Amino acid sequence: MNSSPPLLDVQNLSVGFHTDRGDVTAIEDVSFQVRGGEILGIVGESGCGKSVTSRSIMRLLPERNSFIGPESKILFGGTNLAQAAERTMRTIRGNRIAMIFQEPMTALNPVFTIGWQLDEALKYHTTLKKQARRQHAMEMLRTVEIPHPEQRYREYPHQLSGGMRQRVVIALALCCGPELLIADEPTTALDVTIQAQILRLMDDLRKKHETAVVLITHDLGVIAQVCDRVIVMYAGQIVETADVQTLFANPQHPYTKALLESIPQPGPAHHQTRLPTIEGLVPSLFELPSGCRFHDRCSYRDPQCVAQQPQLSEETNLRKVRCFFPLS
Amino acid sequence: MWAFVIRRLIYNIPVFLAIVLMVMSLLRVRDPVPGMMGKQATAAAIESKRHELGLDRPFVEQYCTLVQQMVTLDFSQEMWTQPGMTVGEQLRKSVPISLLLTLPALVLTSVISLVIGMLSAFYRGQWLDKLLVFLAVLGMSVSFLVYIIFGQYFGSYQLGRLLGRPVFSIHGYEPGWQNWCYYMLLPVLISVLVSMGYNTRFYRAVMVEETGRDYITTAKSKGASSSKIMFVHMLRNAMIPIITRIMITLPLLVTGSILLERFFGIPGMGDALLSAISNNDFPVIEVFSSIFAGLFICSILLTDVLYAVFDPRVRLQ
Numbered sequence: 001m002n003s004s005p006p007l008l009d010v011q012n013l014s015v016g017f018h019t020d021r022g023d024v025t026a027i028e029d030v031s032f033q034v035r036g037g038e039i040l041g042i043v044g045e046s047g048c049g050k051s052v053t054s055r056s057i058m059r060l061l062p063e064r065n066s067f068i069g070p071e072s073k074i075l076f077g078g079t080n081l082a083q084a085a086e087r088t089m090r091t092i093r094g095n096r097i098a099m100i101f102q103e104p105m106t107a108l109n110p111v112f113t114i115g116w117q118l119d120e121a122l123k124y125h126t127t128l129k130k131q132a133r134r135q136h137a138m139e140m141l142r143t144v145e146i147p148h149p150e151q152r153y154r155e156y157p158h159q160l161s162g163g164m165r166q167r168v169v170i171a172l173a174l175c176c177g178p179e180l181l182i183a184d185e186p187t188t189a190l191d192v193t194i195q196a197q198i199l200r201l202m203d204d205l206r207k208k209h210e211t212a213v214v215l216i217t218h219d220l221g222v223i224a225q226v227c228d229r230v231i232v233m234y235a236g237q238i239v240e241t242a243d244v245q246t247l248f249a250n251p252q253h254p255y256t257k258a259l260l261e262s263i264p265q266p267g268p269a270h271h272q273t274r275l276p277t278i279e280g281l282v283p284s285l286f287e288l289p290s291g292c293r294f295h296d297r298c299s300y301r302d303p304q305c306v307a308q309q310p311q312l313s314e315e316t317n318l319r320k321v322r323c324f325f326p327l328s
Numbered sequence: 001m002w003a004f005v006i007r008r009l010i011y012n013i014p015v016f017l018a019i020v021l022m023v024m025s026l027l028r029v030r031d032p033v034p035g036m037m038g039k040q041a042t043a044a045a046i047e048s049k050r051h052e053l054g055l056d057r058p059f060v061e062q063y064c065t066l067v068q069q070m071v072t073l074d075f076s077q078e079m080w081t082q083p084g085m086t087v088g089e090q091l092r093k094s095v096p097i098s099l100l101l102t103l104p105a106l107v108l109t110s111v112i113s114l115v116i117g118m119l120s121a122f123y124r125g126q127w128l129d130k131l132l133v134f135l136a137v138l139g140m141s142v143s144f145l146v147y148i149i150f151g152q153y154f155g156s157y158q159l160g161r162l163l164g165r166p167v168f169s170i171h172g173y174e175p176g177w178q179n180w181c182y183y184m185l186l187p188v189l190i191s192v193l194v195s196m197g198y199n200t201r202f203y204r205a206v207m208v209e210e211t212g213r214d215y216i217t218t219a220k221s222k223g224a225s226s227s228k229i230m231f232v233h234m235l236r237n238a239m240i241p242i243i244t245r246i247m248i249t250l251p252l253l254v255t256g257s258i259l260l261e262r263f264f265g266i267p268g269m270g271d272a273l274l275s276a277i278s279n280n281d282f283p284v285i286e287v288f289s290s291i292f293a294g295l296f297i298c299s300i301l302l303t304d305v306l307y308a309v310f311d312p313r314v315r316l317q
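Protein chains in written order, with the numbering used here: chain A, 1 to 328; chain B, 1 to 317.
It should be emphasised that the hints constitute simulated quantities derived from the structure, not laboratory data. Given the structure is predicted, the values throughout are model-derived calculations rather than measurements. Idealized CB from N, CA, C, for every residue including glycine. Do not rely on the hints blindly, as some may be mistaken.
[What the hints assert, rightly or not] Restricting the straight-line Cα-Cα distance to at most 30 Å, the calculated cross-link-like pairs of lysine-lysine (DSSO-like) are:
hint, chain 1, residue 1, chain 2, residue 2
1, A, 129, B, 228
2, A, 129, A, 208
3, A, 123, A, 207
4, B, 228, A, 73
5, B, 228, A, 130
6, B, 49, B, 93
7, A, 129, A, 207
8, A, 208, A, 130
9, A, 123, B, 228
10, B, 49, B, 39
[Claimed, not checked] A few chain A positions that, by computed beta-carbon distances, are all more than 12 Å from chain B:
hint, residue
11, 24
12, 219
13, 261
14, 313
[What the hints assert, rightly or not] Chain A side only, calculated, beta carbon under 7 Å to chain B, not exhaustive:
hint, residue
15, 58
16, 60
17, 64
18, 90
19, 93
20, 94
21, 103
22, 111
23, 124
24, 156
25, 158
Construct all of the structure, not just a fragment, from the sequences and the given hints.
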């Protein structure tokens, strides 16, 4: 496969929070790599640590009550972002790594125009003159297929629909030509038609600009549509990683299999049957179960799963699973 | 927008008329004339005084006269307590003095407490924030009178003794800019100190509320610095509660501070109003209450207009 060094190399990332009930670890020993032009999907239920992972790459977690483990490394173009100074992070955020958020309705500042908000990012990261910045911002609005960019440039977020606002958020993320784009549930708040448009747009832009994308979602349908590789997370750990085809064809972790089974299937064969679900909830970070974190919801449970914690298998770089009895 | 302003002014006419009506009725609950005349006054003397002051006229007629005077901005009624001086002259004399005291106090209070509130919100949970909040609570727990008396004792008396010459006046007033520091600076500082606790806590709460918003994360992810986020993104969003707070205190500028003016012997509007109330000087009380009601209505209207200036989502209709 590709032997060039990865664009982003996350090694043993652990992130915790100080809370009133003591410190908790939200994600533990997460390692993955992203190469240029690749779309990596991170999937899991709510509370699995997907967003914490993405926000710690950007160092957007509040410094007051969160901490990154000392052994954690987030290598990006030779810089360890886990240790980088805030000043360094400011030159990277929005410039080399950009982020798209889940809630287009609230992600934009309501009291500034679309143009002002695009201009702000360009002001921080480019030396362009006012007129050139305006040209560039207009160009970005055109790229994300916003009709009448001249008019939209002068408008406020509340004058735009949800889909249009998400396009603005994407334009904002892309306007400085980032090498890595982190999309945290970019389509969750949108209806299905808009969702498809936004995904296609992201895919087009990736092809055109060779941008690498980390796509965080709980929607396996979205993963299947656009991702090259997938990481499945559960309770703060990676439980399985594989390329998309392999994962969908042959899930090895019981959690992955259960997730795949709970996607509704169209067609008459499935009309009469109840949609399978995964019983129970993601465990609270305060009361993590012993052994395998998934054991109390797993239908293949064995006494070993309760007693011991499985490690992520080391077979190949491309396919890893955290299970004593991987399915085949 | 002008249509909005005019419509709102029209809506507020009944409010204004009702306030004037209430003030007049409350004043006339008890007849003031026997009190003025003393125990020896005969019934006939009281009756002729009532006639002289116009209190024997029907209530509706008195009410209409006052409303007419207010609408035409006619302040030529003679004061009861100082014959020969009109209410208008009293206003012209005392309102500017009050403004010299209240305007610097408002500006200083707002600016200083906004800055401290923002600092506190910025470092929230850390020792600086805890210290500032502690001082604010301490500051607002102490009575106004304690500030005044301590201010006069230490600021005027002890400081003057220490330096061998008076720095701040304890009591009294002379007009003129060169005298402002001597007579006004101390009361202004006391006023700032007194209101700082409340204001700091309010502005801190307003800013803290904004820190949790999604647009903050977006701004940070664009590469904005903490100070840009604080002073540009958050401050602009927090303008609505800030404007409301400042605008609502604007009419109070004119009334002056009764306590400060009384204690420092500053002949401002607060002092004049207090004298008028204790001496049953109806024209002063009535005119002044009406002006105050009008100012209040205008400042609320202006607040709404400013909302639309600062928040594009607000449409005036």
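ask   = Hint by hint, which ones does the structure fall short of?
value = none
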